[in-house]
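Each chain, written out:
Number of protein chains: 2
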Amino acid sequence: MARKKKYNETEVVEKAMHLFWKNGYETTSMQMLEKEMGINKFSIYASFGNKQGLFLESIKHYKAQINNIFKKLEESNNGILDIKNFFYDSVSSNFNDDNIKGCLVTNTYNEFSDSDDPIIKEQMITFMDKLKSLFVEKLSMDTSKSEETILKQANFLLLAKHGLAAAARVNSKEEIEDYIEMIFKSL
Amino acid sequence: MARKKKYNETEVVEKAMHLFWKNGYETTSMQMLEKEMGINKFSIYASFGNKQGLFLESIKHYKAQINNIFKKLEESNNGILDIKNFFYDSVSSNFNDDNIKGCLVTNTYNEFSDSDDPIIKEQMITFMDKLKSLFVEKLSMDTSKSEETILKQANFLLLAKHGLAAAARVNSKEEIEDYIEMIFKSL
DNA sequence: ATTATTTCTAAACAATCGTTTAGTTTTGGG
DNA sequence: CCCAAAACTAAACGATTGTTTAGAAATAAT
Numbered sequence: 179m180a181r182k183k184k185y186n187e188t189e190v191v192e193k194a195m196h197l198f199w200k201n202g203y204e205t206t207s208m209q210m211l212e213k214e215m216g217i218n219k220f221s222i223y224a225s226f227g228n229k230q231g232l233f234l235e236s237i238k239h240y241k242a243q244i245n246n247i248f249k250k251l252e253e254s255n256n257g258i259l260d261i262k263n264f265f266y267d268s269v270s271s272n273f274n275d276d277n278i279k280g281c282l283v284t285n286t287y288n289e290f291s292d293s294d295d296p297i298i299k300e301q302m303i304t305f306m307d308k309l310k311s312l313f314v315e316k317l318s319m320d321t322s323k324s325e326e327t328i329l330k331q332a333n334f335l336l337l338a339k340h341g342l343a344a345a346a347r348v349n350s351k352e353e354i355e356d357y358i359e360m361i362f363k364s365l
Numbered sequence: 179m180a181r182k183k184k185y186n187e188t189e190v191v192e193k194a195m196h197l198f199w200k201n202g203y204e205t206t207s208m209q210m211l212e213k214e215m216g217i218n219k220f221s222i223y224a225s226f227g228n229k230q231g232l233f234l235e236s237i238k239h240y241k242a243q244i245n246n247i248f249k250k251l252e253e254s255n256n257g258i259l260d261i262k263n264f265f266y267d268s269v270s271s272n273f274n275d276d277n278i279k280g281c282l283v284t285n286t287y288n289e290f291s292d293s294d295d296p297i298i299k300e301q302m303i304t305f306m307d308k309l310k311s312l313f314v315e316k317l318s319m320d321t322s323k324s325e326e327t328i329l330k331q332a333n334f335l336l337l338a339k340h341g342l343a344a345a346a347r348v349n350s351k352e353e354i355e356d357y358i359e360m361i362f363k364s365l
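Chains X and F supply the protein sequences, listed in that same order.
For any residue, its number in my numbering is found by taking its place in the first sequence, counting from 1, and adding 178.
For any residue, its number in my numbering is found by taking its place in the second sequence, counting from 1, and adding 178.
Rather than coming from a laboratory, the hints here were simulated on the basis of the structure.
Just so you know, not all the hints are guaranteed correct.
Since the list gives no way to pick out one identical chain from another, each pair is judged satisfied if it fits inside one copy or across any two copies.
[To be verified] Here are the simulated lysine to aspartate or glutamate pairs, EDC-like style, with alpha carbons at most 16 angstroms apart: (1) 279 to 260; (2) 310 to 353; (3) 323 to 300; (4) 310 to 356; (5) 330 to 359; (6) 279 to 289; (7) 279 to 292; (8) 330 to 356; (9) 182 to 359; (10) 330 to 353; (11) 200 to 275; (12) 310 to 326; (13) 184 to 267; (14) 330 to 352.
Please construct the entire structure, taking both the sequences and the accompanying hints into account.
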């Protein structure tokens, strides 16, 4: 019927994701996105509506990308050890690529902690809730633990993961690894 | 010789500090600062040069304000327990005032982690270095610990403090307190 | 080949950013 | 009293933000 797009939408979303990941939502301008994605502003708006639409699509893409880490956590059966491996897996991308800073979801959670964008906020909460219930499930494998202990430890792990993502933005690999080891010494 | 200022500089800096604390540097606009400080843009520029000057003055004010927490940590002699109390003291302001989000220095550290503003960055590094050496000093009071263990634990505590400041932005008092207790279980 | 439809280029949009400037008001010293 | 110096008000600055629009280029179906 008409002309065909010269770009692949998932490809340009991935490039946008990396930019948001590195700089955060507000700091990333449409101008930067244009350059990084290699397409015109018009095309961005045609494909994703607006900046927020592109951002939400980037987060979706991010979640899909780290889904294999989650799957590994879900499918294994070694209790706390699985969580520890999950922590290591979560930061591994930070050491392979200098352009990556922490966890995109956690970064966004921090950036919008006092904002009131309901759509973005909901994305964050569901992510965190899923993580927490996974921790509870893993910890429950140790039948000697009381329900109260499990909830406390799950909370601890969630905050520790939150802190890990923050630390991964500025600290070295060695510091991060020492940190993870220490976290699991107390459990 | 001439007219006198109608405002007190330290008073307006304190108000600016709270705004930066809550929103971060970039998100806080001169317009918001005008309103919060109760003075005109012209007066802000006359007193502090520019936005960055006002921000640096806000950080100075922040450091002076939490200096008593540092002093308490320095002057006491109960080793690790002092550090634990320091952690509690560090987040206490978050529970008294809803307008406060985490630690201003840590927030700034995160916001500018990949920026290259040398002045602001140096402010952050000196703060973190001071904290680390204080941790080392406290941990060294336990003579049974090897130097390697001390350095590892100091690193852990620094990252934990970093994570705590991040968590204090979004988590509840109970979650924070559980987190602190868990941190010190492993030491 | 023509036509309808969609993509693209490029310019412009209003709003806001940090900053500056011109002009008025206040005030203390001669 | 008067004048000079500083502090105020308020408007404007150029640059950049996210978003929209007008028109040219391209393509599939008739």
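Taking the hints in turn, this is what the structure says about them:
1. Taking CA atoms no more than 16 angstroms apart as the test, residue 279 paired with residue 260 passes in neither setting, with 23 angstroms inside one copy and 32 angstroms between copies.
2. For the homomeric pair residue 310 and residue 353, the shortest alpha-carbon distance between copies (13 angstroms) is at most 16 angstroms, but the shortest distance inside one copy (25 angstroms) is not.
3. For the identical chains of this complex, residue 323 and residue 300 are neighbours neither inside a copy (32 angstroms) nor across copies (46 angstroms), given an alpha-carbon limit of 16 angstroms.
4. In the homo-oligomer, the alpha carbons of residue 310 and residue 356 lie at most 16 angstroms apart only across protomers (15 angstroms), although the nearest pairing inside one protomer, at 23 angstroms, exceeds that limit.
5. Within a single copy, residue 330 and residue 359 get their C-alpha atoms only as close as 19 angstroms, which misses the 16 angstroms cut-off; across copies the closest is 10 angstroms, which meets it.
6. Taking the shortest Cα distances, residue 279 and residue 289 sit within 16 angstroms of each other both inside one copy (13 angstroms) and across copies (11 angstroms).
7. Taking the shortest alpha-carbon separations for residue 279 and residue 292, only the inter-copy value of 9 angstroms comes in at or below 16 angstroms, while the best intra-copy value is 21 angstroms.
8. Only between protomers do residue 330 and residue 356 lie at most 16 angstroms apart by alpha-carbon distance; the minimum there is 7 angstroms, versus 22 angstroms within a single protomer.
9. For the homomeric pair residue 182 and residue 359, neither the shortest alpha-carbon distance inside one copy (52 angstroms) nor that between copies (59 angstroms) is at most 16 angstroms.
10. Proximity of residue 330 to residue 353 under the C-alpha cut-off of 16 angstroms is restricted to the inter-copy arrangement: shortest distance 8 angstroms between copies versus 25 angstroms within a copy.
11. In this homomeric assembly, residue 200 and residue 275 come within 16 angstroms of each other (Cα to Cα) only inside a single copy, at 11 angstroms, whereas the closest approach across copies is 31 angstroms.
12. Taking the closest pair of Cα atoms, residue 310 and residue 326 come within 16 angstroms of each other only inside a single copy of the chain (14 angstroms); across copies the shortest separation is 33 angstroms, beyond that limit.
13. In this assembly of identical chains, residue 184 and residue 267 lie within 16 angstroms of each other by CA distance neither inside one copy nor across copies; the values are 35 angstroms within and 57 angstroms between.
14. Taking identical chains as interchangeable, the C-alpha atoms of residue 330 and residue 352 lie at most 16 angstroms apart only when they sit on different chains, with a minimum of 10 angstroms there against 27 angstroms within one chain.
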